[in-house]
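Asks: One-letter residues, chain by chain:
There are 2 protein chains.
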Amino acid sequence: MSGIKYLILAEGFSGDPHYGKTARGVLRYRRDDVVAILDSTRAGESEDGVPVVATVADALPYGPTTALVGVATQGGRFPPAWMDILRECIEAGLDVENGLHVFLAHDAELRGLADAHGVELRDLRRPPADLSTATGANLDVPGTIVLTVGSDCAIGKMTVALELDLEARRRGEQSTFVPTGQTGIAIAGWGIAVDAVVADFIAGAAERLVVEGSRRGGDLLWVEGQGSILHPVYSGVTLGLYHGSAPHLLVLCHEAGRTEIEGAGGGPHPIPPLAELVDLHERMALTRRPARVVAVAVNTRALGEDEARAAVAAAELETGLPADDPVRFGAARLVDAVLAAR
Amino acid sequence: MSGIKYLILAEGFSGDPHYGKTARGVLRYRRDDVVAILDSTRAGESEDGVPVVATVADALPYGPTTALVGVATQGGRFPPAWMDILRECIEAGLDVENGLHVFLAHDAELRGLADAHGVELRDLRRPPADLSTATGANLDVPGTIVLTVGSDCAIGKMTVALELDLEARRRGEQSTFVPTGQTGIAIAGWGIAVDAVVADFIAGAAERLVVEGSRRGGDLLWVEGQGSILHPVYSGVTLGLYHGSAPHLLVLCHEAGRTEIEGAGGGPHPIPPLAELVDLHERMALTRRPARVVAVAVNTRALGEDEARAAVAAAELETGLPADDPVRFGAARLVDAVLAAR
Chain A
28 MSGIKYLILA EGFSGDPHYG KTARGVLRYR RDDVVAILDS TRAGESEDGV PVVATVADAL
88 PYGPTTALVG VATQGGRFPP AWMDILRECI EAGLDVENGL HVFLAHDAEL RGLADAHGVE
148 LRDLRRPPAD LSTATGANLD VPGTIVLTVG SDCAIGKMTV ALELDLEARR RGEQSTFVPT
208 GQTGIAIAGW GIAVDAVVAD FIAGAAERLV VEGSRRGGDL LWVEGQGSIL HPVYSGVTLG
268 LYHGSAPHLL VLCHEAGRTE IEGAGGGPHP IPPLAELVDL HERMALTRRP ARVVAVAVNT
328 RALGEDEARA AVAAAELETG LPADDPVRFG AARLVDAVLA AR
Chain L
28 MSGIKYLILA EGFSGDPHYG KTARGVLRYR RDDVVAILDS TRAGESEDGV PVVATVADAL
88 PYGPTTALVG VATQGGRFPP AWMDILRECI EAGLDVENGL HVFLAHDAEL RGLADAHGVE
148 LRDLRRPPAD LSTATGANLD VPGTIVLTVG SDCAIGKMTV ALELDLEARR RGEQSTFVPT
208 GQTGIAIAGW GIAVDAVVAD FIAGAAERLV VEGSRRGGDL LWVEGQGSIL HPVYSGVTLG
268 LYHGSAPHLL VLCHEAGRTE IEGAGGGPHP IPPLAELVDL HERMALTRRP ARVVAVAVNT
328 RALGEDEARA AVAAAELETG LPADDPVRFG AARLVDAVLA AR
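The listed protein sequences derive, respectively, from chains A and L.
The numbering used here puts the first residue of the first sequence at 28, with every later residue one more than the last.
The numbering used here puts the first residue of the second sequence at 28, with every later residue one more than the last.
Because the hints were derived from the structure by calculation, they are not lab data.
The reader is advised that the hints may include incorrect statements.
As the list claims (entries may be wrong) - Going by beta-carbon spacing under 10 Å, a handful of chain A positions derived as facing chain L:
hint, residue
1, 70
2, 112
3, 132
4, 135
5, 138
6, 224
7, 258
8, 275
9, 329
10, 331
For each residue, glycine too, the CB sits at the ideal point set by N, CA and C.
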């Protein structure tokens, strides 16, 4: 994929279980493009067979072309220790990709340094300058559009889309993953972070993504979902993405055992029953583009093997739809359901 | 209200039936604060008793403090003829308020001129710099929050909120209109255009507005709705505003006879039956903050008197809720319904 060789910048965090989502996603789905991980606290170890190094200089023998900032920093700016690392990367001739909310391009010093060394600073969450409102072109996209939706944030909507895309391609389908957030963008090498665009343009950004996904050759487009339609903080992004991507089919993602939306203020926000979520999503489809939930992806990461199988069976029973955990048990069953429905 | 005296800039458009929404809204709801309208094509006439003048110089004897750009210009920037008018206003010492998508503050020349003349340029759609995601503070707002929702854009959600607020205040209620778009902001003198904020912050902006509305003394807050939850272009803004403003009660707005969402591309987007919209809105409430639709506001502007009464009766029959056209027949019936439900 495009000759990029990543040095993942994860100083102090590579051993953290909550280790930056973007870094983790790239390590998982672009493993072959990662040559080293920078984390001086774990230098000499390795992670998934990738060497962990102490300094940018130590990483250079592995031949990186691009440094990836994939670990959240504290506060709104890059702290001084990070600035040192970023400077060293730029001075070593590495492009820098950044998945954080704060943009490299807003830092005049880094911008000047990058110009001087002829390297690119790529802010993965920075929206294209020429976005506009949705036009209806989403409804003319040929092929089948599948969107992952969910009962909450951070339950694996991106992972499910990636796993189902991989399985579909294994079966010889012309299948494309459509990235809508920074991690998906880092993994796929294109996309728009739809939660970072001007509110009026959410559907327009989503529309542009499915048009582009189709142009890239998919007749099966797996759109990475965001948030949840009943999420107190992010539902606007969720619904704009839903309507703007104009899916034909939906895969509902849920984490087994989660009963409340996490991290939203104002007291507990209960998650409705899965069957209610299925119905609500179908009724919230555009009247011009009805959408059906065809499968349930159950995230069982917190469960033992038997409990996991029981959770999948319970989701099937409750919704009457095929369910599975595609990470744990493979994506075959969910892809079967999608292919049967298109 | 704050000593502002408006010169409304409407060159070439003041006689147009689609005459800028912001200009029309201010003329209707802040009539006493408007001293002149600039439109050289109708100089010497008057509109609602306000004199129409040919030039900025001709307007000055009426004592304006602030020029209001309330008429959409072509394309993304201010055309040359408008730039001349804006320069004259600034040179005459007038502040300038702008409700357009394009910002005055992005024009270096106007900014320099404004600094030189000590006047303010206020872009009503420009979001506050310090917005963030919703925190749950919306759920702690005392009093009753009422949101106007609708079957489409441009059917009167702002007007309904304004009329119901006026009627509630006539009855002695501590009632406040909460503006969420440029016209509402121009009318009320505060607010945030929620469709102009970063997508992640829609609910955060809405939350801030109800917190601020409450601080301003309302125990009955009328939140101006935006878009429609099934609108192919703007639904993300609509739902983020719904969840972020955390309403207890909803007033559903509809234009009699409208069967399709207007101006959305990709072929006809049918509007569902009103009863279905009532149910869908109630089910899409936050699980933590159930919301009920308590009345239907029917816009009958296109109908004769008898047809208008029939349309209101039909909406009542279909939904089982009190309905009325508050502009045509007064807001009493709808305010009764809201007060009975709180």
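Asks: Now tell me if each hint is right for this structure.
Replies: Going down the list of hints, with the structure as the test:
Evaluation of the residue 70 of chain A hint against chain L yields a violated restraint, the C-beta minimum of about 36 Å exceeding 10 Å. A cut of 10 Å between beta carbons decides the hint on residue 112 of chain A: the least distance to chain L is about 27 Å, and the hint is violated. At a threshold of 10 Å, the smallest CB-CB gap from residue 132 of chain A to chain L is about 16 Å, leaving the interface hint violated. Annotation: residue 135 of chain A was flagged as interfacial toward chain L, and the flag is violated, the nearest CB pair being 18 Å apart, outside 10 Å.
At about 20 Å, the closest approach between the beta carbon of residue 138 of chain A and any beta carbon in chain L exceeds 10 Å, and the interface hint on this residue is violated. Hint status for residue 224 of chain A relative to chain L: holds, with the closest Cβ pair at about 5 Å, below 10 Å. Because the smallest distance between the Cβ of residue 258 of chain A and any Cβ of chain L comes to about 8 Å, under 10 Å, the interface hint for this residue holds. Interface restraint check for residue 275 of chain A: the shortest CB-CB distance to chain L comes to about 14 Å, outside 10 Å, so the restraint is violated.
Interface hint at residue 329 of chain A: violated, since its Cβ lies 22 Å from the closest Cβ of chain L, which is beyond the 10 Å cut-off. Evaluation of the residue 331 of chain A hint against chain L yields a violated restraint, the C-beta minimum of about 29 Å exceeding 10 Å.
Hints 1, 2, 3, 4, 5, 8, 9 and 10 from the earlier list are contradicted by this structure; the remaining hints agree with it.
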